[in-house]
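> Protein chains in written order, with our numbering: chain U, 1 to 275; chain V, 1 to 221; chain X, 1 to 221.
When the alpha-carbon atoms are kept at most 30 angstroms apart in a straight line, the in silico DSSO-like pairs for lysine-lysine are as follows:
id, chain 1, residue 1, chain 2, residue 2
1, V, Lys65, V, Lys184
2, V, Lys65, V, Lys95
3, V, Lys184, U, Lys54
4, U, Lys54, U, Lys77
5, X, Lys65, V, Lys65
6, X, Lys184, X, Lys102
7, U, Lys59, V, Lys184
8, V, Lys102, X, Lys102
9, V, Lys102, V, Lys184
10, U, Lys77, U, Lys98
11, U, Lys98, U, Lys54
12, V, Lys102, X, Lys184
13, V, Lys95, X, Lys65
14, U, Lys59, U, Lys98
Read the hints as simulated data drawn from the structure, not as lab findings.
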Amino acid sequence: MSEDDLNADLPAPDGDGDRPMSVAERLAAEALIVDVEGFEGPLDLLLTLSRTQKVDLRKISVFRLAEQYLAFVERAKTLRIELAADYLVMAAWLAFLKSRLLLPPDPEEEGPSGEELAAHLAFQLERLQAMRDAAARLMARDQRGRDFFVRGHPETVTRVRRVAYSANLLDLMQAYARLRTRDEFRPFVMDRDNVFTMEQALDHMRGMIGFAGTWTDLASYMPPGWAEDPMRRRSVTAATFAASLELAKQGQVEIRQSDTFAPIQLRRREGRKNG
Amino acid sequence: MAEEIPATEETAARETLFEAPPLAEQERMAEAILFASPEPVSIAELNARMPHGCDGAQAVASLQKRYEGRGVRVVRVGEAWAIRTAPDLGYLMQKETVEQRKLSRAAIETLAIIAYHQPVTRAEIEEIRGVTVSRGTIDQLLEMEWIRFGRRRMTPGRPVTFVVTPSFLDHFGLESPRDLPGLKDLRAAGLLDNRPVPGRSEEPEEDEDADETTANMFEDD
Amino acid sequence: MAEEIPATEETAARETLFEAPPLAEQERMAEAILFASPEPVSIAELNARMPHGCDGAQAVASLQKRYEGRGVRVVRVGEAWAIRTAPDLGYLMQKETVEQRKLSRAAIETLAIIAYHQPVTRAEIEEIRGVTVSRGTIDQLLEMEWIRFGRRRMTPGRPVTFVVTPSFLDHFGLESPRDLPGLKDLRAAGLLDNRPVPGRSEEPEEDEDADETTANMFEDD
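Next up, chain U with everything else stripped away, as it sits in the complex:
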């Protein structure tokens, strides 16, 4: 995008009422648009915009700042500059804030007042600026290896060699992360908690069958605690049925069912009652 394009697209003196934009302001506005990539998010941009008000951050007009920001977003739109989503979210929020600040507070309405929201935004800007100043002061301090120095020649008077194993927290955490992420991807294994095998059913029925002289419902052969959960009930029903067929095949029980879907009944097969 050439300079001319930018100039052509920046005639509207928006934001500041009727006063036409000064050359300096127009240059600043241009710089903002062109540099949008250089901003670290909407808060950073707001902080830069707030500098044009040339007042103490505590006395800043959040209303005017909101207008400046919205004007910025508008200009970006006309210039077809893609703004990241968080810039647009901030624009929507500031439009909302602006309307709250304009309208008299509605006693019916829930939530914080426009003034409270504006004050918080001002606080956020002041805090971010304070942290930037603090960072600059920190970096301006005398630094080790630049302004002051450590002993250049660590002593090696007596070489008593003793091995000390060391590791830092990063090593430890990376090792654990390595193990745990491997774990998440363990090969699929059938979860056998809710499965009742035919072998189990056979064992269980053999213990009970001796007492089953009369016709008894198959369901009563199911072990306790398996009927409640649907998954377990399915498994135990299938296993018990299969086991009863197996016992019939071995000649140990007789099975009958009076009708389709009627209860299945079985009883011990007596040695004398052949056939």
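Fit chains V and X to the known structure of chain U by using the hints.
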């Protein structure tokens, strides 16, 4: 030193055996140990290395006085002590200057926020900066050993916190995190408060915890 | 510093321009340079590094006098000068020569499992690592006093469990085992992204090599 309690017979012999060296000698020992080590040495380590009965803290205190105004100084780094060249002579040391790793603006800001707000969670850092903190930033600071993981915050999700390390203090010539430049003013101005966003109720039941976390570390002044 | 010496006419002006710092200041400079230099420093180099007009030889001579009888001394090494620990205090220097060695991968993994899962039995460690844990690994960690025996587990065989020690917490800068960052935190800090280059075999002498390659395949999610 409480060794001068008069004792009788064989107990006396044992006392003498463990008699601490005179203070001047202890100072020499502390001097030798601090000179030899590029890294700060804690009083505990000093005591462990000096003969039985020595008082490392006292030895270091008088050593520090002795080096006042000299070309090297005895400085405190957290709970430990080190000898460092006087900063006003840094210009003589071009030869020793190590190439400083260039930190990004994001990293510098993140570091400052951790130092001034510690212990601080990642979400709080993001709230202050208004942008998400990229993985690389925290990772880089951890690797440089300028920050480390602190206690978990006792709020839902129990997020980890970050704090600065003794090696951060050593690098910036700070005795403790309380000596960060401008800390008092920032706190007085309320800029280190954890002010909730209006309208967003932030776990009111956790109030005491939030208190504790912001208060800690800088408590004693 | 030395600017206030009154002098006459234009020679004075030139003199002032090149005025050497007072000897005490030169001594400070020599002290800082000798301290920070990894190698002994010759008088010629000292003169080259100190401001114009300084007398390195004289500065070193008076520095040497100042350190007489102290814990460190200014000594001549060939044609150059250096600060060295007083020989009678050499016995204090033993700890400085401890050789640092990285813990083996097996040990660090075992340690990580104990820290995150404590109290944990040996069988459980093996289940998580997917390989048997050699006796030496456990012994090493016990010897370093980073782990200790915990209570016996009340299961058949009553196996012993392992837990981490306060000295482990101290070494890793943790206040309690609960402050160990979780997987989510690790991911957030970018620690789960360090995927080794495929095909680059790490520590081929270790028995868990096969193990490692399969682990890497799954490391990104």
